[in-house]
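Engineer: Chain by chain, the residues:
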Amino acid sequence: MMKKTWLLVAVAVCLALGASAAVWAQDYPTHSLKVIVPLTPGSGADIAGRIVTKYMTAGLGQPVVVENRPGAGGQIGTMAVIKSDADGYTLMVQSASHAANSAIYKSLQYDPLKDLVDVAILGMTPYVMVTNPKGPYPSLKALVDAAKAAPAKIPFASAGVGSSTHLAAEYFTQTAGIKMLHIPYKGSPEAIRDSSVGITSYYMAPINTAIGLIKDGKVKPLGVTSAKRDASLPDVPTIAEQGYPSFSIGLWFGMWAPAKVPQPIIKKLNAEVNRVLKLPEVKTQYATLGIDPVTMSPEEFAKFVRTEITTYQRIVREGNIPQQ
Amino acid sequence: MELIDNLTLGFQTALTLQNLLYCFTGVLLGTLIGVLPGLGAVPTIAMLLPITYALTPVSALIMLAGIYYGAQYGGSTTSILVNLPGESSSIVTCLDGYQMARNGRAGAALAVCAIGSFFAGTIATMIVAGFAPPLTELAMTFGPAEYFSLMVLGLISAVVLAHGSLIKAVGMIVLGLLLGMVGMDVNSGVARFAFGITELYDGINLVPLAMGLFAFSEILANLEHGAKREVFTSKVSGFWLSRQEVREAAPAIVRGTLLGSGLGLLPGGGAVLGSFAAYTVEKKLSRTPERFGRGAIAGVAGPESANNAGAMTSFIPMLTLGIPPNAVMALMVGAMTIHNIQPGPQVMTRNPELFWGLVASMYIGNVMLLILNLPLIQIWIKLLLVPYRLLYPAILMFCAIGVYSVQNNTIDVLLTIPLGILGYVFLKLGCEPAPLMLGFILGPMMEENLRRTLLLSMGDPSIFFTRPLSAVLLVLAAALVVAVTLPAISRKRETVFVEED
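Chains L and P, in that order, give the protein sequences.
Note that my numbering has the first sequence beginning at 48, numbered continuously upward.
Note that my numbering has the second sequence beginning at 144, numbered continuously upward.
Any given hint could be a false lead.
Capping the alpha-carbon separation at 25 Å, the derived lysine to any residue pairs in SDA-like fashion look like this [unchecked claim]:
id, chain 1, residue 1, chain 2, residue 2
1, L, Lys-262, L, Met-171
2, L, Lys-233, L, Leu-155
3, L, Lys-325, L, Thr-342
4, L, Lys-181, P, Ser-600
5, L, Lys-325, L, Tyr-102
6, L, Lys-330, P, Pro-488
7, L, Lys-101, L, Arg-322
8, L, Lys-195, L, Pro-369
9, L, Lys-226, L, Arg-322
10, L, Lys-161, L, Ala-127
11, L, Lys-181, P, Arg-335
12, L, Lys-233, P, Val-549
13, L, Lys-262, P, Val-549
14, L, Lys-200, L, Gly-224
15, L, Lys-181, P, Thr-609
16, L, Lys-275, L, Thr-335
17, L, Lys-233, L, Pro-202
18, L, Lys-233, P, Ile-606
19, L, Lys-233, P, Lys-571
20, L, Lys-181, P, Ser-308
21, P, Lys-525, P, Ile-514
22, L, Lys-233, L, Gln-221
23, L, Lys-130, P, Asp-345
24, L, Lys-181, P, Arg-610
25, L, Lys-181, P, Pro-277
26, L, Lys-226, P, Gly-602
27, L, Lys-226, L, Pro-369
28, L, Lys-325, P, Ile-194
29, L, Lys-330, P, Pro-200
30, L, Lys-325, L, Gln-109
31, L, Lys-233, P, Pro-488
32, L, Lys-325, L, Val-164
33, P, Lys-571, P, Ser-308
34, L, Lys-188, L, Gly-366
35, L, Lys-233, P, Asp-148
36, L, Lys-325, P, Asn-483
37, L, Lys-200, P, Asp-345
So the derived list for chain P, only partly shown, Cβ under 7 Å to chain L, looks like this [unchecked claim]:
id, residue
38, Thr-159
39, Thr-168
40, Tyr-196
Hints listed in this document are in silico derivations from the structure and should not be mistaken for laboratory results.
C-beta atoms are modelled at their ideal positions from N, C-alpha and C, and glycine is treated no differently.
Bound-form chain P, shown alone (with noise of 0.2 Å):
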């Protein structure tokens, strides 16, 4: 068995101690960064990058894809504690993550988090060992056509992910395309409303926006009631699930990880779109949606698993081809080179202790991360009882320090003023920020894709129904508009019937 060998060489590799060593910082290091809001992988990454440079090629590597995935586990437990995402891929996680810690249930919400990143972890790091080349030419079949499709696909689902009116949910997905639409055109190279702003011409920052509209907002909303907020510290329990909740979240991780390992695969992928699809399908496929948005176990299970998995498979196309699908593995191509790899398809086989030995660590760190995520859950949920007044300015000044640190740039800290003020507004009106966000990222890559398309194929449109994986994803599209408008039809009927009676 060659996959046996190669896994054995694998763990030969990484079970050394510097090995396990190195993994073990990164992964802790990931951890504390996926918490710390705003704060990403690729910064820290830049930053650490020079202490690598006197380790081997395998330790350095192994470093800082822990630090990668380390951060996945991170990202959820602030969104869940105080409705702030850690990272742009738990900002799902926040719309059920949060009102379970309102129930009182904060410590089952990190748990599963935990756990399902951990099983989801597991089971990509499979993938990867097993599938790698096959998987990578599957998504080389992925064209601009088959993205635009895809893209339609998760814009629609998005007006699944409100819980309230459809009506405010499809405006803030609009909204959401249109603060999308800041920035440089790819395809004229025109700055749209950017307003002479230099800083505005790469377009509005994800990070900055997400810290205002959920955590700015919240943090306002808040001290309305002065330094005290209506806590639920009294209520907060331990961190065992209970028989329902286990038989609710253990379908929902099954799905999040295949879900995200897929959509890892894919270039501008990795961990956020991952997990918005899962909690989407999460919603759509329970019996009790109504539940979603109100602390629902599913909609942090499936979201969480989704992020992690996708972190992870979205090593494969920078492993197998040296393309990296995101700007963190553009960074670990980089680092590469920097020790001397020629990043590239040869580096499994001319390289095989690095990539095995990599592979093998990513076991190895989801390992290390449950058993270091777990005991600290109970340290998280104290937080929960640190007095208000005392915690808003600590978050208020992680979050300045984390949008700073994206692109070192002080205008991306003023962004987060207006864009708390409009989330506050948002929060008084009832409209959700999570369909602006989805619309955020997906408008552009949409917008993109269907003009990329239309100038390949000379501005025929036809194109997206005759390439067979993009008229699939069209349809299953349709379907969706279906599903979300016959409720609402039917309900209309009821309502007339009930007037004639």
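So that you can see chain L by itself, here it is in the shape it has in the complex (with noise of 0.2 Å):
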């Protein structure tokens, strides 16, 4: 009788919760969203942030509001987003350093798997390899040999220490089998305004940051880091068509919440980003910041995520990159 009763106490609970998380994703979101940036404002995931969130305001009928949380890597603002309510009402947006984040801290406050829980992408976007359009090396062939011909005296430059930029440039190094002098700066325009005057010879530049100058011969593209030609420079080979075919990497934003969020909620914010980057008016602002609105379901992305850690952890090995 009392294992009955708990039996029927214990089903009527688990009916209760279900209910009530499925009426509760019904009636999600009921008050405004806050989206936490762990990066500064300006910076690519910011925007990317920004665009999206823009539209899903029109589409949850509540308020998306963006605020950025920067310092120590995203890490401080992945802690408060680990920290908040697992509601759905505050969520994060990152870019791909939250993959390199487990590869070059060595000790992270939070894992990154556990205690997030992944959304859905907002986008990729490839590097593109820009150097000085009047210095010495014309292609990526005339890079290489030079590196090859002094080894570690060819500098390069990157965005900081452990930044994406840094490993996809190491990445290359590592394909390539070269060896070269990397220089880091505090941010993308420095690295790149050196790179446009030959003070260093190129910079992985994410494309939103490099398209201008190159449209204008300010810098010259030696290729982009995709599999496959990106839309908004199709005259700039790839580098895996210049020698190195397995080559690819790129920059990409997505979005996360808290580990406890229930999956209703998830679902739906991942529709509704999916729903916002098929927008004509999405694709425009992507286009000319070079992203591809590519979108994922929550479990693609989360194998994304996953398989994105592992290579970034491989590049940091296999390259001896200090771990910070």
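Make one complex out of these two single chains by using the hints.
Structural biologist: In structure tokens:
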């Protein structure tokens, strides 16, 4: 008798919980949402996040407010998201550095796979290798040959030690079997600036920071890092087609939520992001930035994030990049 | 004349009723956030970005730009009235502006800020309109070696900032350098002096440091006398400048404008560097350097002109190349892309109404700011009549809000407590915080560029002397060392002679 009652109670509770979660997701959202971007305002992830959330407001019927919480490579903002209520009203938009961080930091305060749930990818963009248009490297081959002739002597720029631009460049040197001298900068603008005048040989620039300069001939593109040519720079060959067929790496932006956010809400958010990414207005805005509006289901995105983490861990290990 | 045509197009764009309205909204907001301590242009622009979605790109950029240069006007107000820098570029204005207020010349100090900023804004706008592309080329010749040498020059001139003991000034600069070392090392990625506090990985923020050392310490000192401060309310006079003051301020404004315009072009420069440099130059050139730090009007006019000029010319690399020289410009680039404009060299040719409309709006905005700020002076100086027991809690509250807004981070607010106490100790010991601030700002840039240069040259330091521009800067720095130490040597000789007598 006792057992039966317990069973009934358990069943009832389960039903009630399930029902309430369903109802919850149906009503969700009933008030405004906050999207924390753990990077500085104006960064690539910030801009992509602001474009997407601008149109999500219409679809969800509630305002979506972006808040920047920069610091420590995104760790501070990420921690803030993890510590917030798992009700689907606090979300995070971050870049590929979310995956790179777990490779580059010795001790992260959080587990990127367990403390957060992957909601949706917001788009992918390749890097483009840019160099001084009047400099000694008219082609990728010229650069690689020069690096082979003078190992670890030719400098290249990155946006910082362990930044995604550093890891992408490191991946290229590993693939090409060369050694170059790493010159870290405090962000993209200075790195691209010094590469455009030849102080450093090249910079693995996220396309949105370089596209204007490429079109005006202020920097010369040596190749894009995606497997296929990029729609915004159709004349620029891929690095893969220049003799490194396996080479493919890119920058991407994504949305995450605290781990315990119920699945129905995740599904709803994912559907909303994917709806927004198909809007023609978003496609034009993404095109100016050179971002490809790819869409993924939460499961596909989760799998993608795991593959990326493994890739970055391998790059860091093989490149002997000191962990922080 | 192509320039005339372009400017006509610009004014046609900027003078529409809608754009005038957004320009006014921008500069008004800018003035307000400038006055509110700590609350800076970056969080404000980030916060207001969504509001601009519905606007045309030109209107949006006109408004956002207005916020930035408007803040340069407002930033000096609290520096002068309560020794509290409203913006980091108004730190040096505290030195003489506050002293002027104590001498009963608060009105004149505020007026010279508005007039100097207007003059600087006008000239710098002309520079942007006429010489943006060639100046960009010039700024591009500045490599890591040149930066390092410029920072050396800057640090040595920091000694000049202090008006007391030389030893103490050097000590404060070194302390500033040390505080600047906190946080991630750019070359190795190792966090230094962070003590495991994640919030310190990116270093101590400039805003809590300035708030703590200037404002909070000042409040602590004032509270020594109970809730009454040695107020100068009775002596508050009008804002008309005396003929003597005009004669001293006018050349300072011109020099500040030129210096600020030049430094604004450089990455990381913007308005802050220009204001420090202008103060140094004024004090060095003055025939009465002993009056600096005691209410010299040139010490207010020069830096305030420089910071506005720098704010204006920092638009140049952003507009001509799409390479932002500071955080505000990075955000402007972001705002452009959200409005479907690809930042880069082709903005000038492909969106001429945007480029020239923005330039024209800057000029209009500066006129608006002058008209807005001169009458406001009467209101601001009334602030001095507010009883201190009401004023200081309000200041503390606004500071806390401002510090929090920089990175939405509570640790920054907490940091102001020890920094405020430290500032109070400095005050008691007669150590001035301004050289510390300059060390703090320049130190990390200097280290970064020194190590970058040496990495690039494979450890060969001769590169600093073989690159002509770098060599010139280092020679200037050496000359300054001689200029600073010579009087000390000759004075010592004088005393020797006196004793012999």
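Engineer: Need the list of violated hint numbers for this structure, in ascending order.
Structural biologist: 9, 11, 13, 19, 20, 35, 37, 38 and 39
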